[in-house]
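Residue numbers (UniProt numbering), protein chains in the order written: chain A, 1 to 317; chain B, 1 to 317; chain C, 1 to 317; chain D, 1 to 317; chain E, 1 to 317; chain F, 1 to 317.
It should be emphasised that the hints constitute simulated quantities derived from the structure, not laboratory data.
Hints may be right or wrong, so weigh each one.
Because identical chains cannot be distinguished in the list, a pair is counted as satisfied if it fits within a single copy or across any two copies.
Quick list of in silico lysine-lysine cross-link-like pairs, BS3-like style, CA-CA up to 25 Å [stated by the list, open to error]:
#1 Lys-227 to Lys-93
#2 Lys-203 to Lys-169
#3 Lys-154 to Lys-227
#4 Lys-309 to Lys-169
#5 Lys-203 to Lys-309
#6 Lys-309 to Lys-242
#7 Lys-309 to Lys-154
#8 Lys-93 to Lys-16
6 protein chains.
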Amino acid sequence: MDVVTLGETMVLFTPKSSGLMRYAGDFSTKIAGAESNVAIGLARLGKQVGWISRLGNDEFGERIRNFIRGEGVDVSQVTVDDTAATGLYFKEKLTPGELRLNYYRQGSAASRMAAADIDEAYIAGANFLHVTGITPALSEQCYETVLTAIQYAKRNGVTVVFDPNLRRKLWSEERARKVLQELSAQADIVLPGIDEAEFIFGKATPEILAENFYNNGANKVILKLGKQGAYYLSAESSGFVKGFPVEQVVDPVGAGDGFAAGCLSGIVDGLALPEIVRRGNAVGAMVTMVDGDVEGLPEINRLNYFMNKIEREDVER
Amino acid sequence: MDVVTLGETMVLFTPKSSGLMRYAGDFSTKIAGAESNVAIGLARLGKQVGWISRLGNDEFGERIRNFIRGEGVDVSQVTVDDTAATGLYFKEKLTPGELRLNYYRQGSAASRMAAADIDEAYIAGANFLHVTGITPALSEQCYETVLTAIQYAKRNGVTVVFDPNLRRKLWSEERARKVLQELSAQADIVLPGIDEAEFIFGKATPEILAENFYNNGANKVILKLGKQGAYYLSAESSGFVKGFPVEQVVDPVGAGDGFAAGCLSGIVDGLALPEIVRRGNAVGAMVTMVDGDVEGLPEINRLNYFMNKIEREDVER
Amino acid sequence: MDVVTLGETMVLFTPKSSGLMRYAGDFSTKIAGAESNVAIGLARLGKQVGWISRLGNDEFGERIRNFIRGEGVDVSQVTVDDTAATGLYFKEKLTPGELRLNYYRQGSAASRMAAADIDEAYIAGANFLHVTGITPALSEQCYETVLTAIQYAKRNGVTVVFDPNLRRKLWSEERARKVLQELSAQADIVLPGIDEAEFIFGKATPEILAENFYNNGANKVILKLGKQGAYYLSAESSGFVKGFPVEQVVDPVGAGDGFAAGCLSGIVDGLALPEIVRRGNAVGAMVTMVDGDVEGLPEINRLNYFMNKIEREDVER
Amino acid sequence: MDVVTLGETMVLFTPKSSGLMRYAGDFSTKIAGAESNVAIGLARLGKQVGWISRLGNDEFGERIRNFIRGEGVDVSQVTVDDTAATGLYFKEKLTPGELRLNYYRQGSAASRMAAADIDEAYIAGANFLHVTGITPALSEQCYETVLTAIQYAKRNGVTVVFDPNLRRKLWSEERARKVLQELSAQADIVLPGIDEAEFIFGKATPEILAENFYNNGANKVILKLGKQGAYYLSAESSGFVKGFPVEQVVDPVGAGDGFAAGCLSGIVDGLALPEIVRRGNAVGAMVTMVDGDVEGLPEINRLNYFMNKIEREDVER
Amino acid sequence: MDVVTLGETMVLFTPKSSGLMRYAGDFSTKIAGAESNVAIGLARLGKQVGWISRLGNDEFGERIRNFIRGEGVDVSQVTVDDTAATGLYFKEKLTPGELRLNYYRQGSAASRMAAADIDEAYIAGANFLHVTGITPALSEQCYETVLTAIQYAKRNGVTVVFDPNLRRKLWSEERARKVLQELSAQADIVLPGIDEAEFIFGKATPEILAENFYNNGANKVILKLGKQGAYYLSAESSGFVKGFPVEQVVDPVGAGDGFAAGCLSGIVDGLALPEIVRRGNAVGAMVTMVDGDVEGLPEINRLNYFMNKIEREDVER
Amino acid sequence: MDVVTLGETMVLFTPKSSGLMRYAGDFSTKIAGAESNVAIGLARLGKQVGWISRLGNDEFGERIRNFIRGEGVDVSQVTVDDTAATGLYFKEKLTPGELRLNYYRQGSAASRMAAADIDEAYIAGANFLHVTGITPALSEQCYETVLTAIQYAKRNGVTVVFDPNLRRKLWSEERARKVLQELSAQADIVLPGIDEAEFIFGKATPEILAENFYNNGANKVILKLGKQGAYYLSAESSGFVKGFPVEQVVDPVGAGDGFAAGCLSGIVDGLALPEIVRRGNAVGAMVTMVDGDVEGLPEINRLNYFMNKIEREDVER
């Protein structure tokens with residue numbers, strides 16, 4: 001297995017009409033979850049990925065498992081909880097460019113993940129463990145589950161990748177800052193956004209923020225700078241990598257997960273850091289041009305077309 | 001005010017395709033709640049009705065309030081809870097004639113209703129108080145809220161109408177039996193279904209079950225017998241009233257609430273008990289011929305057409 | 001040209017959900033008009049048909065003309081009125097088996113048809129003129145237009161076919177009775193329903209009602225008896241023809257027009273009266289099994305399959 | 001009551017596909033009417049509003065009344081007309097940025113409003129009466145109804161607010177100019193657009209046009225200048241207020257009504273004229289970013305966020 | 001692996017409106033294929049299943065693979081063909097109870113399956129090989145592929161199950177009869193329908209037809225008799241098993257595949273022949289009550305509820 | 001007849017959601033074909049047009065014929081092929097501005113058009129014959145059909161108009177270049193795009209490329225330059241004509257066909273070459289502002305509004 005990841009996935013309801021959701025009669029559904037987005041992104045790029053989670057014993061849980069399994073992600077470690085429901089999430093398009101998210105995830109099945117759910121052998125069989133700052137915010141039990149997974153990774157030589165993914169609604173600022181800093185310290189590779197970096201270490205330049213993460217314990221830091229691209233820092237090198245231009249942002253949600261999938265696929269492929277970041281930028285950009293969190297994740301040939309601006313015969317522009 | 005009622009209303013999601021909900025891509029939404037169904041049914045029949053509840057400070061709460069207010073029901077006693085969400089409910093059509101219901105209502109805003117939400121003057125201003133056995137099952141606090149409302153009704157000469165509305169998923173059998181019996185005892189008028197009556201008093205004939213309720217404290221008992229119609233019992237009279245034939249049941253959910261609305265409207269109009277029951281049967285039947293809980297509730301002229309089988313000029317059959 | 005017909009066609013709006021139309025958020029549209037239904041039915045059975053009408057100078061008019069022309073009906077005699085709109089009509093499915101129709105056709109373009117719209121040479125070029133009792137109910141001018149068309153037919157040896165198609169909402173009972181009787185008298189062939197026959201001549205048996213029409217001036221009378229089939233009467237013969245069984249009525253509207261199209265196609269083909277009626281029964285039955293007025297009109301091979309219960313290889317039951 | 005308004009509301013049909021409406025198979029529906037748009041805008045901003053109108057005795061009338069009542073607007077003065085239908089209106093999106101509107105409102109229930117519909121006590125109980133130039137264009141009777149309402153307002157010290165809302169299709173240029181000028185003269189506050197001002201007084205600068213209205217009788221003139229914002233003039237002050245930038249116009253219809261609602265809410269709140277205009281600009285801008293006439297009308301907290309560009313925690317951009 | 005199956009799967013387009021498909025503006029899509037239906041049915045009942053096929057290198061191929069993999073079926077043996085497209089199929093609902101199927105499968109990727117696609121080790125690793133009479137009808141190459149698979153099964157002790165699944169459109173009667181007879185002879189277990197049995201062996205009683213198959217080489221014969229149920233015959237026993245009553249058939253397509261899945265699951269579980277058949281009857285019945293080929297396939301607990309008519313608490317009837 | 005054209009038309013399926021088509025559950029359908037697009041464009045501009053083609057004996061064939069006939073195009077020369085299906089085509093919106101087209105047209109009914117389908121008298125009765133480079137790419141037989149049609153045109157004095165419409169997927173580069181050059185040589189008027197011109201004659205300036213076509217045999221060359229407009233060349237004159245600005249491209253497909261329809265209508269009307277080209281530019285631009293190939297084709301008054309930027313009263317911007 002190339003990468004194992006761990007986290008909550010929900011059914012995502014999107015009103016068919018924009019504006020205040022009170023007027024929405026019809027909704028369409030997708031599935032969404034930061035970590036499964038990354039897993040699907042990696043699978044689509046040809047990597048072997050596993051996703052650990054807990055689902056409710058309900059139709060929404062079946063849907064999520066089937067969808068992720070259908071994408072070629074290993075779901076053998078997913079458990080089913082008879083006592084709690086699968087989480088839901090509503091994405092309200094208030095105006096073009098203004099989204100409001102509402103969650104029904106409190107006490108969800110995934111929030112009941114436990115350290116005992118983690119099979120050390122499964123973690124040990126992977127080259128990378130990917131975790132985010134969402135899971136520890138779900139519950140104390142989830143926090144411990146993440147720590148356990150990291151511990152298993154470390155003692156089996158599995159590289160730990162951490163994406164802070166700050167969710168202010170889920171916990172207090174104080175607790176969030178403390179845990180995100182703690183997990184950043186334990187990770188080998190960190191993928192923070194500039195806002196998240198400032199939340200943890202205070203306002204500063206990308207160079208200084210990256211150094212903060214480095215000094216805090218990470219070997220490789222890739223700092224996302226939005227449309228500007230990203231800044232990377234390792235023992236060997238550092239630098240800025242420009243983002244790809246996007247004609248029209250259709251749906252920004254999932255861009256960070258696409259970035260993570262792009263970077264991780266590059267890391268798995270053993271690319272140089274600037275090439276890793278460039279791939280992250282490309283996948284992140286591609287995700288924003290399609291509605292949904294995972295629908296825009298590219299296969300390797302579409303990614304190459306996009307990165308190299310190769311004109312394709314089968315596409316009419 | 002003719003009637004005041006009290007209870008939780010949720011946004012109802014219905015998959016656009018039948019079968020296992022895991023395959024449902026699109027959902028349409030309505031609103032549903034036993035007590036607001038009754039309130040809307042009464043308003044449509046020209047009665048003055050008020051509905052007491054608590055909603056989340058969210059778009060779903062706005063939708064519910066606007067819809068019920070739009071139907072002409074007074075919503076001045078509805079409170080908004082900043083700390084809890086409006087409840088949701090999913091209606092899965094497994095096969096023709098087999099529905100499965102899933103709730104996201106645990107810890108909902110309505111489950112946080114409190115005795116202090118009830119304004120005694122508001123209750124006192126009504127002729128009837130309608131409550132159901134769903135509300136006390138939501139939370140301890142809700143149970144006390146119902147008791148408080150009944151207490152206010154009793155000391156202000158307001159007639160109490162109780163519909164058991166057994167929801168097995170919400171509480172234990174033991175607790176349900178105890179509370180439903182207690183509330184039946186406090187009510188002047190009870191509207192149980194035959195299954196509910198047997199749940200409370202054990203298997204018996206309609207006559208004996210009705211007598212059980214009567215002996216338990218109710219003045220008027222109207223026992224629903226499904227397609228067969230209903231049996232009524234009061235100090236003055238008793239008897240069976242046949243149901244109306246229904247060509248095709250489109251959606252059975254809400255039939256009991258329609259029955260309650262029909263009966264209550266007859267009670268408000270001072271009809272004789274057999275006429276009251278006949279109206280209940282008719283409204284209940286009409287509700288089942290339309291999709292949704294409230295969409296089939298009739299206005300008085302449609303009800304009369306239906307009850308009297310008058311051919312209408314504006315309808316093509 | 002085999003048949004020329006004359007009348008109003010409207011855009012038909014159907015709510016996507018059943019029940020009271022106030023709750024309908026979405027509507028789908030079709031086109032509908034008794035006479036164009038007949039014209040399309042005939043064209044589908046391979047006959048040469050022309051349709052005379054007036055449309056508003058608007059998108060709905062364009063839609064109607066294109067649809068009917070697309071079906072292979074000649075629309076060269078259709079005029080466009082810059083001063084009035086194309087009529088609309090709403091079909092509300094109250095319950096299974098109960099439809100309510102609402103019209104926005106007052107002062108419509110078609111209600112402004114005028115005698116001058118009728119080209120005598122066009123009528124003369126046909127073998128049959130088909131008119132209904134709807135057109136004279138639209139306006140005084142429309143009444144005169146129908147009379148003019150009949151006059152042109154008569155003096156050019158064109159057989160006149162009349163379908164009463166009583167629409168109570170459009171005119172007074174008295175006026176309706178007078179005009180339907182007048183037009184029945186002028187027609188060579190009449191296709192009344194039993195209700196319409198009783199409306200004109202009073203309650204009686206099918207045999208007597210048919211004789212009434214015959215004595216009133218028609219050569220051939222085909223009296224529709226609903227599911228029972230039809231009764232026919234001419235100088236040569238008379239008798240009952242049983243209807244075809246229909247597994248499930250999906251939409252009854254348009255059945256009478258299908259019946260007319262079936263009969264007329266048989267008349268054009270020179271069939272014997274019982275065969276003509278049998279074809280009318282079959283087309284009428286087929287129309288009721290499909291949603292929409294014209295969507296169920298069969299081509300000749302599907303009609304033959306249906307009439308002869310031939311098992312088809314390309315259909316899975 | 002803070003504000004009473006008066007006018008026609010219709011059911012609005014929007015094709016689900018853009019381009020020529022002849023190709024539109026599906027339509028979605030909303031409700032729309034300049035004056036009820038203003039009423040809903042004010043109710044959403046927390047004001048007490050009443051709406052006077054006449055509706056057909058049909059499902060579309062029920063829908064309109066329920067929707068507006070649901071929004072918290074008082075509809076106790078709405079009458080139902082058994083002899084005329086509720087008006088309809090079709091909004092065709094020809095291309096991005098090009099809308100074509102088609103009405104079925106001739107002889108509608110609302111066009112039959114009469115002076116006798118207006119209850120002087122109801123007008124007297126309000127602080128403001130809002131009328132537009134659409135109502136007098138509907139019929140002579142409607143024109144007199146507006147005059148009557150204004151007369152009642154004036155003799156009861158109720159401030160009259162007039163929005164010209166020129167609809168060229170509904171009346172002749174000459175008549176329109178005469179009546180709009182007459183009503184502008186009777187109003188205390190006028191809210192014309194620059195095009196309407198030029199239509200009434202001839203081409204001129206905003207300053208001169210505003211002065212024309214002022215000299216014509218209004219105390220306060222707020223002249224809408226489209227994207228540029230607005231110009232205001234009163235005895236005390238005058239000036240330009242810049243509009244708010246709009247990222248993407250989704251649906252421009254209803255912007256003027258939003259502007260009126262914003263201004264009126266500011267007037268009710270006793271703000272200074274520049275602040276009143278700024279609020280009008282903001283609400284007008286917000287309405288254009290959402291599909292539908294009323295769906296984008298903000299509640300006070302969303303309005304404040306927008307006006308002050310406060311970043312909200314619950315929104316993801 | 002319990003069962004391996006082999007065959008073509010297509011994307012299934014269903015018009016959103018019934019009647020002639022020429023009027024259908026909108027289509028919804030599912031996936032369908034006799035053998036993958038069986039595979040999914042088995043997976044849902046908890047069995048280990050593999051599906052061998054060939055897909056086009058296109059989005060429809062991706063969709064099919066993801067869906068089937070998502071259901072828990074092993075797709076490791078599916079190949080992708082760069083030179084041919086994935087097949088499509090259109091299901092036209094002419095009237096209630098009358099379906100017409102149209103295929104775009106000529107020269108499809110699956111029709112290019114080749115004997116070399118079959119990995120003997122993969123077949124050898126299963127307990128059962130399931131094949132149908134559709135695959136040999138697709139192309140000569142497909143015919144040989146099936147023969148090869150059967151040969152591998154036989155020499156590795158894998159039981160061969162054959163479902164004739166006659167498709168008249170795909171080949172000549174003569175060729176069909178010859179090949180179906182040949183494959184029936186090679187199979188250990190055959191699952192013909194009564195019509196198919198008569199097609200192969202001529203009109204006869206179920207008992208005689210079953211004997212024909214038995215004498216032809218099969219050990220176990222299960223003969224489907226539609227609503228009547230099925231007749232079974234083996235060396236040890238024979239008999240009729242009654243079908244389950246179905247309240248309303250929503251979509252009959254896929255019933256035979258459900259029957260096969262039910263029987264096969266019983267065979268895998270080592271049930272007695274009458275119990276095997278009863279399970280086939282039950283799954284077949286359940287499939288017809290839901291739209292789509294696979295959407296009604298039950299999980300084991302739903303199957304048990306259905307077979308034992310156990311009332312479930314979570315379902316409202 | 002003004003113009004006769006000849007070619008394949010398909011049913012066009014468009015996913016209702018953008019992104020990879022594997023996730024599309026719902027599709028809407030239209031019809032599309034380069035030559036019928038031109039025919040419809042001409043009919044809408046008031047010209048007499050005929051369209052020659054072959055359709056499958058299926059519902060999709062019926063739909064195409066009805067739609068095109070409905071637009072007022074003569075379809076009397078369309079033949080029906082019992083042995084082949086009507087072609088389909090899928091338009092996948094990958095991202096805003098990136099379309100991918102997938103065809104199911106191999107062996108389609110239209111690809112079986114034959115020289116014998118062409119009625120010399122029909123061609124002789126037209127003033128112009130329009131052909132494109134798509135038809136000869138469908139099959140050898142189609143290539144000969146085009147040659148036959150051209151031959152009939154030439155010997156009957158009918159002007160031949162040729163639009164190269166290069167489709168790389170349908171044939172080899174070599175063959176395509178050879179045939180397009182051959183047909184360009186036979187045409188009186190050619191309408192190539194700049195890319196197509198370079199494909200045939202090699203990279204060069206518009207002036208040189210136009211001259212190449214002229215020297216190759218065409219009298220009039222109109223070279224499309226995308227947004228820049230077009231360059232024209234004849235014996236009498238040459239020059240550039242600027243394109244019309246387009247606010248937002250909704251769907252670029254069909255623009256070239258709109259251009260051809262615009263030019264041809266100008267040619268039929270005997271306009272000067274710059275005016276002809278200007279009309280082509282205008283129609284091409286208008287087509288891109290509406291979804292679908294033919295839905296944006298203008299009637300003459302809308303075209304005039306657009307070309308002259310006349311403000312219309314009935315449109316709200």
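Checked hints:
For the homomeric pair Lys-227 and Lys-93, the shortest alpha-carbon distances inside one copy (21 Å) and between copies (23 Å) are both at most 25 Å. In this homomeric assembly, Lys-203 and Lys-169 come within 25 Å of each other (Cα to Cα) only inside a single copy, at 21 Å, whereas the closest approach across copies is 51 Å. For the identical chains of this complex, Lys-154 and Lys-227 are neighbours neither inside a copy (34 Å) nor across copies (58 Å), given an alpha-carbon limit of 25 Å. With identical chains, the CA atoms of Lys-309 and Lys-169 are at most 25 Å apart between copies only, with a shortest distance of 21 Å across copies and 39 Å within one.
In this homomeric assembly, Lys-203 and Lys-309 come within 25 Å of each other (Cα to Cα) only across copies, at 21 Å, whereas the closest approach inside a single copy is 36 Å. Within a single copy, Lys-309 and Lys-242 get their C-alpha atoms as close as 15 Å, which meets the 25 Å cut-off; across copies the closest is 28 Å, which misses it. For the identical chains of this complex, Lys-309 and Lys-154 are neighbours neither inside a copy (40 Å) nor across copies (45 Å), given an alpha-carbon limit of 25 Å. With identical chains, the CA atoms of Lys-93 and Lys-16 are at most 25 Å apart both within one copy (9 Å) and between copies (18 Å).
Consistency with the previously given hints fails for numbers 3, 7, ordered from lowest to highest.
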